[in-house]
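Chemist: The listed protein sequences derive, respectively, from chains A and B.
The numbering of the first sequence is numbering that gives the first Met the number 0, which starts it at 0 and goes up by one.
The numbering of the second sequence is numbering that gives the first Met the number 0, which starts it at 0 and goes up by one.
For the record, the hints were derived by calculation from the structure and aren't laboratory data.
Just so you know, even glycine gets a beta-carbon here, dropped at the ideal spot from N, CA and C.
You can trust all of the hints, since none of them are fake.
For the chain B half of the interface with chain A, some residues (derived, Cβ under 7 angstroms), not all of them:
hint	residue
1	R153
2	T167
3	G181
4	T261
5	V341
6	G394
7	L399
One letter stands for each residue in the lines below.
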Amino acid sequence: MEARILGQFRAIVGKGLIAEASELHTYECDGLTNLRVLPQAVLLPTSTGEVQAIVRICQREKIPFVARGSGTGLSGGALPVENGVVISLARMNRILEVDLPNARVVVEPGVINAEVTQRVAPHGYFFAPDPSSQSVCSIGGNVAENSGGAHCLKYGFTATHVMALEVVLPDASIVHLGSRALDRPGYDLPGIFVGSEGTLGIATKIVLRIVKKPAVIQTLLAAFNSTNEAGAAVSGIIGAGMLPAAIEMMDNLAIQAAEASVHAGYPNCGGLLLVELDGPAAEVEHLMDQVGEICTQCGAWEIRVAQSEAERAVVWKGRKAAFAAMGRISPNYIVQDGVIPRTALPKVLSEIERMSAAEGLRVANVFHAGDGNLHPLVLYDGRIPGQEERAMELSINILRLCVKCGGSITGEHGVGEEKKMMMSEMFAEPDLETMQLVRCAFDPQQLSNPGKVFPRTRLCAERTGPYQPHPLEVAGVAQFF
Amino acid sequence: MAAVEAAWSDLRALVGAEHMRAAMLEDAVDGVLPQMIIEPGNPEEVARALKIATGAGLQVIPRGGATKMDWGNPPRSGALILSTRRLDRIVEHAWGDMTATVGAGCTFQQLQQTLAEHGQRLALDPLWPDQATIGGILATNDSGPLRIRFGSLRDLIIGITLALPDGTLAKSGGKVVKNVAGYDLPKLATGSLGTLGIITQAIFRLHPVPRETRTLTFSTSDSGTMNALVLAIQDCNMVPTGVQVRAGSSSTPEVDLRFEGTTAGCDAQIEQTLRIASGARRIESPAEVWNARSELWSGAEPSVVCKFTLLPADLGTFLNSIRKASESLHWPWRLVAQAVGVGYLRIESAGKDTGALLSILQDLRKKLETRGGSLVILRCPLEIKSKTDVWGSAGDALALMRNIKAQFDPTGVLNPGRFLGGI
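Next up, chain B with everything else stripped away, as it sits in the complex (with noise of 0.2 angstroms):
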C-alpha cells in the first residue's frame, strides 16, 4: 500500500496536482472505476507517468476523447485513467511535402481545419471527429467510407511517438512517405487499443482536399441486386471515394456513392455509374449520408452495435442472413456498410432475451469467421460481455499475440483484459 501511496504521490508531483483528480461515476468503464486521472502535459510526461505505474503495479486505462471507452472487453482491473486530453498541439503542418506531426490528444476536426487551411486533409472520417482524438482513433483503428479509395489508418501513418510501460519514448517511421528503415511500430500500434504502449505522437501522410465532391443513391429491391450493383461498380474502372450500402429490418437496400475530383471527372464518373445502375432506381441522397454510421450508435438503448468485415461479395448473403435471423423474432435492426467489406450492424434489444441475441450474433460471426470475415461487438449490455469476447476468435495467431503483448508490456500494466483473447 505505502508504493501505491508514494507512486500518487510522485505522480502527482509529476503532473502537477490540478491535472490529477480522483476518478467519478462517469469514469468507469464496463463497470471498473479507476482511482485517479491524470492528464500529463507532453509525452516524456507520459513515459514517466507510466513507469511511475507500473513500478507501483498500478494497471492503466489510456483515454482520448472517451468516445469509445465501451469498445473492448471490459477491464480485468484499471487504477488509473492515463487521458492524452493535454497532448493535442499539432506539432508541425509541412505542407509542401503533405505531411504532418499531431499530438495524440488533438480531436480529428481540429486537425482537419488546420490542414484545410492550405488545402489538404487527412484522408480519414472517423467516427464523431470533433470529439474523437487521433490517439483514439489510432488505437480503435476507426476508418469510414474514405476508405475505398484512401486506405485505412495503416496506410496513413508514417511514423509515430511510443510510451511504454517502462517509461521507454520509442518512435519508429519517420516524416517521410516512403520508408522502410526498421519494424513497422506505427502499424502495429493502429488498432492495438492501448495494450502494447500509449500513442503520444503520430505523423500522417496527406492528400488534398478535393475540387469537387458528389454523391449519389439508388434504392434496391433486394440484396442480391444491391450486392450485384456494389461488385459491378467495383468491377468498372471508376474512382469513387465511398461505396457504402445501408439497410435494416424495416427498409431496402439503399446504396450510395460519391466520386471526388474534377468537375468533368465527377461527370463522366456519374454518367457511367447511371448506366451501370440502369436497373436500380435512383433517388434523392438523404443529408449527412456519410455520416450514416455514427448515426447507428442513437436510439433506443440498449442496443447492440457491431463491426463486422466481410468478402465485398458476400454482403448480399450477410444481409440475408441477418433478416432471416431477426424476422421470427421482430427484432429491428439498421446497418451501413462499406462495399470494401467492413460495415456496422445495430440490433434494438430493449426487452429481448439477452441469450437469444447472443446467439444470433454468435451465429452470425460464426458465418463470417468462416469466410475469413470477423464480429467485433462494440457497444452492448455488460451481460453479453461477460458472456463472449467481443472481438470473436483469435484464429492460430493468438500465442504470437500474446507473445508480443508481453515484450511490450510484460507485467500486464496498459488496458489489462480488454483486448483480444482477454489480451
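So here's chain A without its partners, still in its complex pose (with noise of 0.2 angstroms):
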C-alpha cells in the first residue's frame, strides 16, 4: 500500500494502524482457516468519525475494505481481500446505555455477546441471541452474520434483537436505520441490513433489545438408541404444541468428542437429546413431565432433568463445546451449517450415513433438532493425500442433499466466501440478481467486504429515470439480467 495512504489512516487512527506482515498475519483469516489473505492493513478505530474518516479514503481512493469483530466467523465473512483493508472494530467495545424500562441496550460493535448479558443478569433481563461462540464473539460480528445459537428456536434470531442501528455506509455517510421504538415508518432497514454479512456497510452503535429472564429453566437429556428414535420424540413434543427454548440432538460420535473433551457426564448412546423449557414454574413442570413421558415412549432408556443454573451449565457445555472436541478424535474436520425442515430429519440422516459409509470418511452430527439446523462435522486427516479435498466434497455434497429436501446451506454461520458458490444451488439466478439490487443501492462501488455471499457480482447502474444502456452493455462487454 502507498506510503501516502498509510500516512493518511495512520493520521487517523494513530497506533491503531498495523502494516507490518509480521503483524497482519493475526487478521489473514477469521474462524474459517483453511482460507487466508492477508490485507494491506489494518485498522483498529475508536469511534465512528474515525470509522468514517476510514471509509471516507477508502471510497476516494477504490479500495475495498473488510469489517471484523472477533474473528470467530466461520463462513470466511472476514477474510480479507486482496489489495484491501481491514477494519476491526474490537476497539469500539463500549456498552454506552442500558435502557431498563424500555429492555433497550446501546452498544458499539466490538462488545462482546456474553458482556450484555452479564451487564443486565442482576437486574432479570438477558440477551437472547446465543451463538456458542458467545464468550469471545462481537455484536457486530452477529450483526452482520444474523447469529442464532441453541435458544432461536424460541427467542428469534439477532434481527429480532436489534431495534437500530448508527451505520457508516460504504460512501463514508453516517445513517440511522430503524429506531428505539418499533416500526419506523419506512423499508425496514435493520432488517435488510442484519446478516448482509458486512457488505452494506458498518455498523457503528447497535440498539439491542433485552428479555426478561423466565422465571424457570429446566434442562432434560434423554438418551435413545439412535438418532431416528431421538428424532422420533423431537417430532412428538413439537406435535404436542410445545415451543421449547432449545431442543438439541448429538449422535454418537459427537457425544465421544465432547466426552473426551469436557466430561459433560453424557451417557454413551446412539442418539442424545436436550431439551430446554422455560417460562412459568406451574407450566414448565407441567409440560416437563409430558416431554419425558413422549421421550420414554420414543425409546428413551435414560432421562436426567437439571434442575440447578450448575446442573444446567454442565449439560450445556458439553453440547456448546461440540465443535472444538472434534480435536480430540480426529486430526482435521469441516463444519457445517445446513438446513432441513424438521420432518426430512431421519431420511437426511440416513444418506449422510450412507455417503459417509461410501466416501470412508466419519461424519460427527450435532444439530438444532427444533429448527432443523444441522452440523454435520466431516472428520478427516489432512496428512493424507487427497482426504481434505474428499472431506470438502462430502460436506458440499450434504449441503446439496439439504437444498434437495427444500432446506438451506446455512442456518447460522453465513454464506461468506466458503459458501457463496453454493447460493446457485439454492437460488436461480434472478433470484441472486434481486438480492444484489439491495447492494446497488448501498455500495454501487461495491467496497463493503467485496466478493463475498453471491457467487457473481452484479453490476450496479445508476438506473434512475428511463432506462439507459449502460457504456460496457452498449460495448457489448457486460449485459444487465
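The task is to assemble the complex, starting from two chains supplied on their own in separate frames and drawing on the hints.
Modeler: Dropping the structure here:
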C-alpha cells in the first residue's frame, strides 16, 4: 500500500494502524482457517468518526474494506480481500447505555455478546441470541451474520433483537436505521442490514432489545439408541403443541468427542437429546413431565432433568464445546451448517450415513433439532493426501442434500466466502440478481466486503429515470439481467 | 397513446377478458381513479402484467382485500389496479415442520381456518381478518396484541416471492425457519406498501393454537398508574400474549392482559398478576376486547386514525399530551395501545378546524419523534393528506430508501408517491 495512504490512515487511528507483514498474519483469516488472505493494512478505530474517516479514504482511493469483529465467523465472512484493508471494530467495545424500563441496551460493535447479558443479568434480563461462541464473539459480528444459537427456536435471531443501528455506509455517510421504538416508518432497513455479512456498510452503534429472564428453566437430557428414535421424540414434542426454548441433538460420535473434551457426563448412546423448557414454574413442570413421557415412549432409556443453574451449565458445556471437541477424535474436521425441514431429519441422517460410508470418512452430527439446523462435522486427516479434498466434497454434498430436501445451505454461519458458489444451487439467477439490487442501493462501488455472499457480482447501474444502457453493455462486454 | 392501447390489449390477452374491467368510482385511491383493474391468476401472470405496464409507462396500484387502500399518501398517479384476489391458494401447510406457503390473495381468516385443522396458527392478529389478504397485511406490516409474545410479521415470515416491475419473479428466504442465505428480502418487502414489487406468495413459521386462553382487565385511575402497572407486568417474568391499554377522552385508562398455555400456567400467572396489580380495580373484560383496535375505525365520520409508536415507558406521558391537547378544544378521542409501544389513536374530526387538527397531530408527532417514536396518519380527510406526509419525517436514511426504490422500480411504476418521503 502506498506510503501516502498509510500516512493518511495513521493520521486517523495513530497506533491503531497495523501494516507490518508479521503482525498482519493475525488477521489473514477468521474462524474458517483454511482460507487465508493477507490484507494490506489493518485499522483499529475507536469511534464512529474514525470509521467514517477511514471509509472516506477507502471510497476516494477505491480501496476495498472488510469489517471484522472477533474473527470467530465460520464462513470466511471476515476473510480479507487482496488489495484491501481490514477495519477491526475490537476497540469500539463500550456498552453505552442500559435502559431497563424500555428493555434497550445501546452498544458499540466490538462489545462481546456475553457481556450484554452479564451487564443486565442482575436486573433479571438477558440478551437472547446465544451463538456457541458467545463468550468471545462480538455484537457487530452477530449483526453481520444474523447469528442464532440454541435458543433462537423460541427467542428468534439477532434480527429479532436489533432495534436500530448507526451505520457508516460505503460512501462514508452516517445513517440511522430503525429506531428505539418499533415499526419506524419506511423500509425495514435494520431487517435488511442485519445478516448482510458486512456487504452493506459498517455498524458503529447498535440498539438491542433485551428479554426478561424466565421464571424457571429446566433442561432434560434423554438417551436413545439412535438418532431416529431421538428424532421421533422431537416430532412428538412439537406435535404436542410445545415450543421449547431449545432442542439439541448429538449422535454417538459427537457425544464421544464432547466427553473426551469436557466430561459433561453424557450417557454413551446412539442419540442424545437436550430439551430445555422455560417459562412460569407451573407450566414448565407440567410440560416437562409430558416431554419425559414422550421421550420414554420413543425409546429413551435414561432421562435426567437438570434443575439448578450448575447442573444446566454442565449439560450445556458439552454441547457448546462440541465443535472444538472434534479435535479430540480427529486431526481435522469441516463444520457445516445446513438446514432442513425438520420432518426430513430421518431421511437426511440415513443419507448422510450412507454418503459417509461410501467416502470412508466419519461424520459427527450435532444439531439444533427443533429448527432443523444440522451441523455435520466431516472428520478427516489432512496429512493423508487427497483426504481434505474428499472431505470438502462430502460436506458440499451434504449441503446439496439439504437444499434438495427443501432446506438451506446455512442456518446461522452465513454464506461468506465459503459457500458463495452454493448460492446458485439454492437460488435461481433472478433471485440472486434481485437480492443484489439491495447491494447496489447501499454500495454501488462494491467496496464493502466485496466478492462475498454471491457467486457473481452484479454490475450496479444508476438506473433512475428512463432506462439507459450501460456503456459496457453498449460495447458488448457486459450484460444486465 | 398507441403504446398504452397496445398494453391494455396485451394485458387483456394475458389475464383473459373476464379478469380485466374498467375501474369504477369506488376503486379510486385517495381521489385518484385508475382506468383498469386486472386480476392475474398466478405469480407468473403478475410478473408479466407488471412488465407490460412498465413498458407502456402505466403506474400500478397493487390491491389485496382493499381494506387499507386509504393508508399512505395519495398516489401521484395510477393507471391500473392489480388485484391479487385470485392468488388465494394455500399452497402448502407443512404441519410437521410448522410452516405454511400461501398465495398473497388468501384472506387471513381462510389461512387461519386451514391451519387450525392441525392445531396451528399464524401467531398474528391483523385488522379485518375476514377480508384482509396476506399480501396486504404484509405490505402494510399490520400486527396486533399477539406481538408482545410472537413478534410481528418480520419475525414470522421466512420466505417470499416478489414480482418486480421489469417482470422478474424472484424468491428469497425459504421454507425453513432458520436460514441466513442471502439478503433478507422478506423483511424488506414487509411494510414496503407495494412500492418495491408485488408480493405473490409468502412462507410463514407457525405456532400451536394455545390449549387455554385467559383475559383479565383492570381499570386504573390515571395515565401514571396505568403506565406503572404495564411496566410492572413487563418487568416480571410472566409471559403474557397480550398487554393492551384502552383509553379515551371520556374514560379512565383500562388495561387488558391475556395469558395462553396450560391451565396451571395461566392460573399461576393470573395469581401473580393480581398481586402486582393490587392497586388497580379488576373489572369484567368487554367482549371482543382483543379486537378493540378495529373499533377505532367505526364511529362518526370524518375522523382521523393514526398509528403511533413509542418507547413503552413513554405511554403515560403521551396519553397526558393527548388529553391536554384535546381538552381545551373538546375533541373526543379514543386510543388502543399495545404495551410494546405500538398504538392507534382516533380523533373525531367532524366539523373541526382542519388547521387546528393538523397542528395537534404535528405537535404529537414531534413529541414522539424526538424520543425515537413516530406518528403515521392512517385515515384522515384528503385535505390533511395534502398538507403533510402521512408517514412523518424520514430521518437521514431517506436517501438510502430512495436508492432502494430506484433499484427495484427505476421508472416509478409501483404506487408512486404513496410511501414515506414521496417514494
